[in-house]
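S.K.: This note's numbering puts the first residue of the sequence shown at 1, with every later residue one more than the last.
Worth flagging that the hints you see were computed from the coordinates, not collected in a lab. Glycine is no exception: its CB is placed at the ideal position from the N, C-alpha and C atoms. There may be inaccurate statements among the hints.
[Said to hold, decoys possible] Taking CB as the label site, the calculated pair distances span: (1) I46 with E21: 32 to 42 Å; (2) V54 with Y188: 29 to 39 Å; (3) A15 with Y188: 41 to 51 Å.
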Amino acid sequence: MRYLSGKITDFIIKAGVISEESYEIYQYGFQIGMEMFSCFAVCLAIAIYLHMIVEFAVFTMIFMLLRTYAGGIHLNSFSGCFICSVMVQTIILIINRQYTLTCPVSWLIIFCGALLILKVAPVENINRELDLDERKHCKEVTIKVLIGIIFFSAGCTVGRISNILSLIALTILQVLVSQYLGIAKYKYEKNRRR
1 MRYLSGKITD
11 FIIKAGVISE
21 ESYEIYQYGF
31 QIGMEMFSCF
41 AVCLAIAIYL
51 HMIVEFAVFT
61 MIFMLLRTYA
71 GGIHLNSFSG
81 CFICSVMVQT
91 IILIINRQYT
101 LTCPVSWLII
111 FCGALLILKV
121 APVENINREL
131 DLDERKHCKE
141 VTIKVLIGII
151 FFSAGCTVGR
161 ISNILSLIAL
171 TILQVLVSQY
181 LGIAKYKYEK
191 NRRR
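Could you build the full structure based on these sequences and the hints that come with them?
M.R.: Structural data, given as structure tokens:
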């Protein structure tokens with residue numbers, strides 16, 4: 001991805017769209033964008049194969065909103081992140097299809113998970129530590145996202161859409177696990193740097 005993003009950046013510099021001083025910023029942006037798109041495309045293809053497009057959309061929306069603001073583990077390589085992301089999403093979808101959680105169990109996970117996610121949000125990364133204002137902003141947005149998820153879950157409960165309610169619970173559980181793994185990784189890497 002780095003090679004291809006470099007080629008794209010070289011092309012737009014030669015076309016005069018951006019200056020050479022902005023090379024690193026654009027190259028990195030293109031690389032991240034292509035990596036995210038490739039992961040999204042593979043997960044979507046798997047969801048289409050599994051006939052779980054709605055479930056994919058729900059998982060992706062909740063996961064991305066929570067991970068963006070509440071944080072979680074970040075792996076050190078694109079290939080590791082790609083494989084882990086695709087596997088986790090596929091496993092969550094398959095588990096939810098095979099073992100739909102009951103409504104009370106789903107709500108227990110959603111409420112407890114939301115409280116625990118909020119307690120530690122945002123989880124920092126050794127490569128991207130947050131200042132006080134950024135932490136406050138992420139915490140506030142996390143609260144709004146969790147409130148939205150709870151209202152969405154209530155709608156699923158009223159509409160008796162138990163498979164989506166179960167999926168929401170599993171997604172929250174997955175984000176929670178990711179957060180605590182991220183905290184452990186951050187502490188480990190911070191101690192190693194000392």
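S.K.: Taking the hints in turn, state whether each one holds.
M.R.: Status of the hints after comparison with the structure:
1. I46 with E21: 32 to 42 Å: holds (40 Å)
2. V54 with Y188: 29 to 39 Å: At roughly 38 Å between Cβ atoms, Y188 and V54 fall inside 29 to 39 Å, so the hint holds.
3. A15 with Y188: 41 to 51 Å: holds (44 Å)
The structure agrees with every numbered hint stated previously.
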